[in-house]
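Chains A and B, in that order, are what the protein sequence lines are.
At position 19 of the first sequence the residue is numbered 19 (our numbering), and the sequence of numbers has no breaks.
At position 67 of the second sequence the residue is numbered 67 (our numbering), and the sequence of numbers has no breaks.
Among these hints, one or two may not hold up.
Same chains, same names: a pair is fine if it fits in one copy or spans any two.
[Said to hold, decoys possible] Below, simulated DSSO-like cross-link-like pairs (lysine-lysine); rule was C-alpha separation at most 27 Å, straight line:
# : residue 1 : residue 2
1 : Lys-201   : Lys-125
2 : Lys-125   : Lys-102
3 : Lys-201   : Lys-41
4 : Lys-125   : Lys-63
Derived by calculation from the structure, the hints in this document are not laboratory data.
2 protein chains.
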Amino acid sequence: MQASSKESAPSIGRRGFILILSSPSGAGKTTLTRAVAADPKWGLDLSISVTTRQRRPSEIDGKHYTFIDREAFDALRSADNLLEWAEVHGNFYGTPRRPVEKVLGAGRDMIFDIDYQGTRQVRSKLAEDVVTVFILPPSLAELRHRLERRAEDSPDTIEKRLANARMEIQRWSEYDYVIVNDDLDDAFRSLEGILIAERLKRERRVGLTAFVEGLLAEPD
Amino acid sequence: MQASSKESAPSIGRRGFILILSSPSGAGKTTLTRAVAADPKWGLDLSISVTTRQRRPSEIDGKHYTFIDREAFDALRSADNLLEWAEVHGNFYGTPRRPVEKVLGAGRDMIFDIDYQGTRQVRSKLAEDVVTVFILPPSLAELRHRLERRAEDSPDTIEKRLANARMEIQRWSEYDYVIVNDDLDDAFRSLEGILIAERLKRERRVGLTAFVEGLLAEPD
Numbered sequence: 001m002q003a004s005s006k007e008s009a010p011s012i013g014r015r016g017f018i019l020i021l022s023s024p025s026g027a028g029k030t031t032l033t034r035a036v037a038a039d040p041k042w043g044l045d046l047s048i049s050v051t052t053r054q055r056r057p058s059e060i061d062g063k064h065y066t067f068i069d070r071e072a073f074d075a076l077r078s079a080d081n082l083l084e085w086a087e088v089h090g091n092f093y094g095t096p097r098r099p100v101e102k103v104l105g106a107g108r109d110m111i112f113d114i115d116y117q118g119t120r121q122v123r124s125k126l127a128e129d130v131v132t133v134f135i136l137p138p139s140l141a142e143l144r145h146r147l148e149r150r151a152e153d154s155p156d157t158i159e160k161r162l163a164n165a166r167m168e169i170q171r172w173s174e175y176d177y178v179i180v181n182d183d184l185d186d187a188f189r190s191l192e193g194i195l196i197a198e199r200l201k202r203e204r205r206v207g208l209t210a211f212v213e214g215l216l217a218e219p220d
Numbered sequence: 001m002q003a004s005s006k007e008s009a010p011s012i013g014r015r016g017f018i019l020i021l022s023s024p025s026g027a028g029k030t031t032l033t034r035a036v037a038a039d040p041k042w043g044l045d046l047s048i049s050v051t052t053r054q055r056r057p058s059e060i061d062g063k064h065y066t067f068i069d070r071e072a073f074d075a076l077r078s079a080d081n082l083l084e085w086a087e088v089h090g091n092f093y094g095t096p097r098r099p100v101e102k103v104l105g106a107g108r109d110m111i112f113d114i115d116y117q118g119t120r121q122v123r124s125k126l127a128e129d130v131v132t133v134f135i136l137p138p139s140l141a142e143l144r145h146r147l148e149r150r151a152e153d154s155p156d157t158i159e160k161r162l163a164n165a166r167m168e169i170q171r172w173s174e175y176d177y178v179i180v181n182d183d184l185d186d187a188f189r190s191l192e193g194i195l196i197a198e199r200l201k202r203e204r205r206v207g208l209t210a211f212v213e214g215l216l217a218e219p220d
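Just chain A, with the same shape it has in the complex (with noise of 0.2 Å):
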């Protein structure tokens, strides 16, 4: 209201949080992660995978992926250092735990985009500090369409997505929040809610004590 009262308030502390968003194939898990992501507004950051498949020519190691052998993936798997892990085709991949709960101990949020079992193996590890939302589409045939319009995929496999699609939707019923993504700006003011609110929950906003005993500590 004025700016008086806005420079009498000191920032409060709080842990930060892992917004898990998953959703089948084409149900805008992605765009709406990137959308998120690149908005500075959220100053959210993004986790760098390790994987121990070839790097390709356009990726740069360190920032697309870090690229690990398998026997560095093995050491961190084994020595509880993958937050999650998955094998695809024969390659691993992993999100390495330290540099996450370095973010979080800062009081930084980030954003994964990641399937139901890499979600459950996130949950597993970081309980209170994941907040998981599960991006639905309005209909089948609306993801049917919305995977041909971007035309990436050859009509079979499109089939298999649709296939897995109705897999995946299953797992709605695990998550904290659930949007239908019929409308993209919608669905982002939905996430930007998620966002905000998650920021206020008390439990979070450790520095609330602190906060308070400075507020009582002021004289008459």
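Chain B: place on chain A using the hints.
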């Protein structure tokens, strides 16, 4: 994204909730409650309290309060038909349970502007259907400025309100969310974020099971 997808998504039923705002006097609870209740975008219902006090000439029975006698009040209370009640200066005030349950059952939300004692009572009766928000002032000095600026109270009353504020502030730790009301617009946006997020919570969206069954029943 398209008119067609908009039409294809049915509205998904959910349980409503009560958004409770508490704060010490002057921290902005009433201003915020009125602002969000007056915005038709949020479709929030207000409850009408019952009271045993005399109707003032400006008040309309059934609008500002439902005016009842002490016997009727005691009957409501002993039948557990009040979500919360309090005695103030020898008069009794309470929130009838039935109209609230009707609104929530219809999937609509309500907003209550009550103190921590009322909050405890409502929470004990409607646990999961209650979302609680505590509004803190940025400082006690700012709280004093606001009370002086609104020029409603005598210096003595302001001192009493500030002494009370010191007690009430200590209840912040019983609430789900805490907003430091440093700037009214920011606080309003925080409240909107909480409403958006709480409406997306999976547990509340009892219609999602049927919605997903509908999705999965679509022909290939």
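> Are the CA atoms of Lys-201 and Lys-41 at most 27 Å apart within a copy, between copies, both, or neither?
Replying inline: both (19 Å within a copy, 24 Å between copies)
>> Reference check for the pair Lys-125 and Lys-63, CA-CA at most 27 Å: within, between, both, or neither?
In response: within (25 Å within a copy, 52 Å between copies)
> Is it within, between, both or neither when you check Lys-201 against Lys-125 at 27 Å Cα-Cα?
Replying inline: both (20 Å within a copy, 22 Å between copies)
> Is it within, between, both or neither when you check Lys-125 against Lys-102 at 27 Å Cα-Cα?
Replying inline: within (15 Å within a copy, 41 Å between copies)
Hint compliance for this structure: no hint is broken.
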